[in-house]
Amino acid sequence: MSTLWHMTVSGAVLIAAIVCLRSLFLEKLDKGVFPALWLVAAVRLLVPASVPVPLPAQAMELLPAAAGAPAQGTASAGGGFPWLGALWLAGALTAAAVMLLRHIRSLRQYAQALPVHDEQIDALAAGFDLRRTVSVRVCQTVSTPLTYGFLRPVILLPKGWESYSRQELELVLTHELCHIRRLDVPVKYILTAAACVHWFDPFVWVMYALAERDIELACDEAVLRRTTDGRAAYAMALIGLEERRGPDMLLSGFGLRAVRERVTEIMQYRRRGLRSFLAGAAIVVCSLTVFATAAAAYDAQPLPTPTPSLLLQEDGSLPIPDRGTPPPAGTLPERAVEGGEPVLPTPSPMPAMPSPTPAPIPVTPAPMQQAAPTAAPMPQAGTVTVPPTPEP
Amino acid sequence: MKLYDSELKVMEVLWDRGEASAKTIAQVLAEQVGWSKTTTYTVIKKCLDKGAAARTEPGFVCRPLVSRAEAQAYATDELVDKLYGGAADRLVASLLGRKRLTEEELDGLKKLVEELK
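First to last, the protein sequences are chains P and F.
Letter by letter, the first sequence follows residues 469 to 860 in the numbering used here.
Letter by letter, the second sequence follows residues 47 to 163 in the numbering used here.
Just chain F, with the same shape it has in the complex:
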């Protein structure tokens, strides 16, 4: 499922909180990115239409149907397809080539390699 950056903003709020009423989302995003209530509601509606979130009636409480990991996986796949011709190793090579990884990140990657062995 392709989520636009604006929709991801709404989803971030839902992922952070587990669930949130439309009103809360509007308040958070008004502060974070300066959206009006109408704009936030429009974007929430898009998320609902796409099936990324669902609402329960009393109080218009929304909860995510797509997990953060799923959304990230999709975005990564798209990135790999678009920029690296579907070859994930080239993405990793590019990340390593930038030499801007911290010790911590490198440790994480090493651990990942160990796990996948």
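Bound-form chain P, shown alone:
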């Protein structure tokens, strides 16, 4: 039980860190970074660390809402382990059973799909150098294209797929083939397993919901990297698919928001340089080393104050004398932009750790200001507790 509790707290810290990173850098980093980070978090939540992670004081401070109440519960029930353990086990088994039954029911329906014979489809699938053979089928019971199966992946098209334009069909299939190449199906299984084990933890459900969105965003970006059709065509294809789902598939607020987010991100897509890729890779590697290795690495990690504070002082010290007199037009905003930009190459995996804030900063740095409002997705936790099945 205490192992689970350790995993819960360190997992919550990791999830909070990723949520912060996501709200700061979703636009700036290669979108593949975020599913990778969620995968690290999910594995961390599933594999008990051989060395127990010490709970850092900051972590407890950081998560008063989530950590506070259950912590007392465990403390008072320290001796009463059996019933608490039984409660957890019952919840985990129920969650797993619900997920599994739903998934099996879907798979039974998917199995009844009929094969498609279409030259364009075959050519596209062949153009994707995948080691696994992909079959494309039509299923009357799905309302939107989806992919399932890991070793023998299957792309399902809904009944009316013949009405797709050739371009739409190509984009849809490229999207699904990207899912297959990126191994998103097994990633979703792992995420679902983590959610079942940690059914009581709102942080984990936040992770589950965000990870699902990030998987789609990363996949969209992979499509845009390959296609020559351009952003607008892809965004329109996506909207077209949503339209064709028909009124029986209620587009709930959450679904609509996710689609809007995807369309926005697609339209903002730019080809990224090597720099952003390296920054993303560095973040993933850092989070891996920090959280996969246990106590030693955790303690040895210095708080990343030097670089940011240097930047901030440069930024802050100059404007102070000018404060009284109106600054020359243009200099200040420019400086602000300059100050904001360099944050990218020095991403630290710890923005969640409030280092003892360097006090003498007159101007609050821009990224920090962003952090507060945009880290807000957390309160969603309550609304997302009904998880979708993991197959698409």
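Calculated directly from the structure, the hints in this document are not laboratory data.
Backbone N, C-alpha and C fix where the C-beta goes; we use that ideal spot for every residue, glycine too.
Any given hint could be a false lead.
[As the list claims (entries may be wrong)] 27 Å max Cα-Cα, derived BS3-like pairs, lysine-lysine:
1. Lys-128/F with Lys-156/F
2. Lys-48/F with Lys-627/P
3. Lys-69/F with Lys-83/F
4. Lys-48/F with Lys-96/F
5. Lys-91/F with Lys-627/P
6. Lys-627/P with Lys-163/F
7. Lys-48/F with Lys-69/F
8. Lys-156/F with Lys-627/P
9. Lys-48/F with Lys-91/F
10. Lys-96/F with Lys-627/P
11. Lys-627/P with Lys-92/F
[As the list claims (entries may be wrong)] Pairwise CB distance ranges (calculated):
12. Leu-142/F with Arg-634/P: 23 to 29 Å
13. Lys-69/F with Glu-587/P: 18 to 24 Å
14. Pro-654/P with Gln-118/F: 42 to 48 Å
15. Ala-700/P with Leu-141/F: 31 to 37 Å
Following the hints, put chain F in place on chain P, whose structure we already have.
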């Protein structure tokens, strides 16, 4: 009776053969559409439940209760209702408008018109 595409696949086998054991249907469809035996049996069961087919016990031999013509008529009615607002002439107009009818098909249609006169 509304039959899904998957159920129609099973019915096709029955219509082609008059009757067939579940095992035969499974073999045919495994080859044709790549279904597993379990999947085929699930779909056969649906056909039985809907009353589209019936089985006789020794050997689980199935025979169709609905004829191909009946199923086609139903599907056509549905199509006309859904896409052509219940007006069958618009369906015909749309078929003719596609100009992809062969001589043979046109002859068939002419014959039909003659018969219905």
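Outcome of the hint check:
no.	hint	result
1	Lys-128/F with Lys-156/F	holds, 26 Å
2	Lys-48/F with Lys-627/P	holds, 15 Å
3	Lys-69/F with Lys-83/F	holds, 8 Å
4	Lys-48/F with Lys-96/F	holds, 9 Å
5	Lys-91/F with Lys-627/P	holds, 22 Å
6	Lys-627/P with Lys-163/F	violated, 37 Å
7	Lys-48/F with Lys-69/F	holds, 25 Å
8	Lys-156/F with Lys-627/P	violated, 33 Å
9	Lys-48/F with Lys-91/F	holds, 15 Å
10	Lys-96/F with Lys-627/P	holds, 21 Å
11	Lys-627/P with Lys-92/F	holds, 19 Å
12	Leu-142/F with Arg-634/P: 23 to 29 Å	holds, 25 Å
13	Lys-69/F with Glu-587/P: 18 to 24 Å	violated, 34 Å
14	Pro-654/P with Gln-118/F: 42 to 48 Å	holds, 43 Å
15	Ala-700/P with Leu-141/F: 31 to 37 Å	holds, 35 Å
Violation of the numbered hints given earlier is confined to hints 6, 8, 13; the remaining hints are satisfied by the structure.
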